[in-house]
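Engineer: Residue numbers (the numbering used here), protein chains in the order written: chain S, 332 to 658; chain R, 14 to 268.
FYI, nobody ran anything at the bench for these hints, they're computed from the structure.
Where a beta carbon is used, it is the ideal one built from N, C-alpha and C, also for glycine.
One should not assume that every hint holds.
Claimed, not checked - Estimated spans, in silico, between C-beta atoms of each pair: (1) P353(S) to L47(R): 55 to 61 Å; (2) S461(S) to A172(R): 31 to 37 Å; (3) A172(R) to V504(S): 54 to 60 Å.
Unchecked claim - With a straight-line cut-off of 16 Å between C-alpha atoms, the simulated EDC-like cross-links for lysine to aspartate or glutamate are: (4) K582(S) to E605(S); (5) K473(S) to E534(S); (6) K89(R) to E425(S); (7) K553(S) to E592(S); (8) K406(S) to D488(S); (9) K617(S) to E552(S); (10) K507(S) to D532(S); (11) K507(S) to E534(S); (12) K406(S) to E60(R); (13) K32(R) to E425(S); (14) K406(S) to E228(R); (15) K15(R) to D434(S); (16) K15(R) to D532(S); (17) K448(S) to E425(S); (18) K617(S) to E592(S); (19) K413(S) to D532(S); (20) K30(R) to D502(S).
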Amino acid sequence: MWAIETKALTKTYTQGRIFRKPIVALDHLDLQVAPGEIFGYIGHNGAGKTTTFKLILGLIQPTSGDAWILGESTKRVETRHKIGFLPEQPYFYEYLTATQFLDFYAQLFGMDRSLRKRRIAELLDIVGLSHAVSTALRHFSKGMLQRIGLAQALINDPEVIVLDEPMYGLDPVGRKEVRDLILNLKQQGKTVIFSSHILADVEMICDRVAILSQGRLQRVEKTGGLFEKSQRQYELIVRDLDEHAFSELRKLALEVRRQMEGVVLIIPDEATTEIAQAVIREHHGKLVALTPRTPSLESLFIDEVRGDGLRGDHKTQKKTGTKEKAA
Amino acid sequence: MKKIGAICLNTFREAVKDKVFCNLLFFAILVIGLSVLIGNLAIGEDEQVIQDISLAAMSLFGVLIAVMVGISLVYKEIDRRTIYTVITKPIRRYEFLLGKYLGLLLTLLINVGVMTIALFLVIRLQGYTFNLEILWAIVLIFFELALITAIAILFSTFASPAMSAAFTFCFYLIGHLTQDLLQAGRESQSVMFANMSRWLYYLLPNLDLFNIRGEMVRAIPVSMQYITYSIFYGVLYASALLLLAMLIFQRREFN
Ligand SMILES: Nc1ncnc2c1ncn2[C@@H]1O[C@H](COP(=O)(O)OP(=O)(O)OP(=O)(O)O)[C@@H](O)[C@H]1O
Ligand SMILES: [Mg+2]
């Protein structure tokens, strides 16, 4: 059983009241998140990340397709006992203090008084807000709000945790703390799915990453896999090549550049590197350097987003679109 | 039940910290206080005038609070997206709405209570005795407010605050005219108009039922039957509205 599963999940919004223009925010998404996994969910602004989370949690209805958490529909109240959710850029009841706020959510789970008290103290400690227990949320900084939001998502000790941009607005230390918190949840056997624009964070802690572009799932990668030998490319710098050798190497390489220090070749894998080296030796070329290149998540991300025909102007248009919505 | 209680209490907490609520309550009490001055102008009948003005203020400001706070509370949850974190917890949507409604009723109860105390003090300070019959008029004011709150909640589940406010006030005004409408229908020659006015009379809330202020102030007896009937009517009508609101809310998307 998957922790989270979607089948052909699709959401079409209509924009405008008179000229109803359909916008496909999510297009036949098939996603499977395994129990105990940390799953990263990335994509450009307006790619459909938030839409996915809202659909999974039942805040909006899919146009078609289905979604399950732990094999059950989130429409069932019982399922929601096992779920924690932090919405993107959350707003909270600002007239409540941190303790009152968490107590309110704990009550929604029907927790009794002593359990609530214990859990709240524990959580405030975990998210580092023990110093602000009786401060009204109105006086919280952006990072503090994000932390109390996280605490709210964990109040019921959930099995599956959905976090929409949990690092948003946090300083580097705060981000590290959130990463550690997520890793800690994994250690307790929980499943975490989160979206983020900070790819370094995603790369650091996720088991797998899904890249979404314009509502379509582009690929799902093991993050470890990004660093695996099989996926490595190699950069060779060679000097003193004759024309014959050059044309032969050109066939093997993904990319060829002439630079000051020599010819730079990007070779797709290790086996091809061996062949290239043989060619160089044969033609008495000089191998100056050979370095493995790991494709970063960032280069992968940019490839996928570009590959979908998303160009600069289009992107900014989307961005302002979402900003308007927030305003 | 516990969950509905939590929503109710949270709603109450938010409502009493609302500036609109505090200001309206302040003005209501001010009007009740000032009624003494106007009462003094009316020689011989100042006790009645004080009560008339105060009860009218109670009703009017109560309606204002019910509408202004009622329409904004559900809307605010959606607009500020606080609802995202609530509705994804193990609580049913109708429980959420019911909690909101009860929270508002609690707010109105406190509000009516405070105004009643103000009226009591004003009357006692003028050296008159507080006529307990007046309390029945206040009870019916409260049930009218309960009904209006249900209207406000219903509209706020699908319309913007401005629209909801306009609609709710319309209902309030028409609700006080249905009796006249029925009368006009009876006297009219047109069968169609007569039928239509009868249907509208049954469909729209008859808010005049809740107005026994004049009778109570002038010690004109009103039967217990009438009062229970009015309360029953209010509860039933409000329940129907809430049910409708729940149905709409159940299907609503939170974008
Ligand atoms: N209520 C709505 N009505 C119309 N279109 C919408 C609505 N909500 C979202 N959209 C559109 O759906 C698309 C996906 O939006 P979504 O919020 O899921 O993106 P996202 O990946 O979360 O972006 P971001 O990184 O900016 O948070 C966007 O094109 C957006 O404009
Ligand atoms: Mg988003």
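Engineer: Are the Cα positions of K89(R) and E425(S) separated by 16 Å at most?
Structural biologist: holds (12 Å)
Engineer: Assess, step by step, whether the Cα of K617(S) is no farther than 16 Å from the Cα of E592(S), and give holds or violated.
Structural biologist: The given pair, whose Cα atoms are some 11 Å apart, holds under the 16 Å limit.
Engineer: Straight-line Cα separation of K32(R) and E425(S) no greater than 16 Å?
Structural biologist: holds (14 Å)
Engineer: Between K413(S) and D532(S), does the CA-CA distance stay at or below 16 Å?
Structural biologist: Distance ~25 Å between K413(S) and D532(S) Cα, so the pair is violated.
Engineer: Return holds or violated for the Cβ distance of S461(S) and A172(R) against the range 31 to 37 Å.
Structural biologist: Taking Cβ atoms as reference, S461(S) and A172(R) lie about 43 Å apart, which means the hint is violated.
Engineer: Is the straight-line distance between the alpha-carbon of K582(S) and that of E605(S) 16 Å or less?
Structural biologist: OK: K582(S) and E605(S) at ~14 Å, within 16 Å.
Engineer: Compare the distance between the alpha carbons of K473(S) and E534(S) with 16 Å, and conclude whether the hinted pair is satisfied.
Structural biologist: violated (24 Å)
Engineer: Is the Cα-Cα distance between K15(R) and D434(S) 16 Å or less?
Structural biologist: holds (12 Å)
Engineer: Quick one, are K30(R) and D502(S) close enough, alpha carbons at most 16 Å?
Structural biologist: Not OK: K30(R) and D502(S) at ~32 Å, beyond 16 Å, violated.
Engineer: Under the criterion that the straight-line Cα-Cα distance not exceed 16 Å, is the pair K15(R), D532(S) satisfied?
Structural biologist: violated (40 Å)
Engineer: Could you grab the alpha-carbon distance between K448(S) and E425(S) and see if it respects the 16 Å cut-off?
Structural biologist: violated (20 Å)
Engineer: Does the structure keep K406(S) and D488(S) at a Cα separation of 16 Å or less?
Structural biologist: violated (19 Å)
The structure fails hints 2, 3, 5, 7, 8, 9, 12, 14, 16, 17, 19, 20 (numbered hints given earlier, in ascending order).
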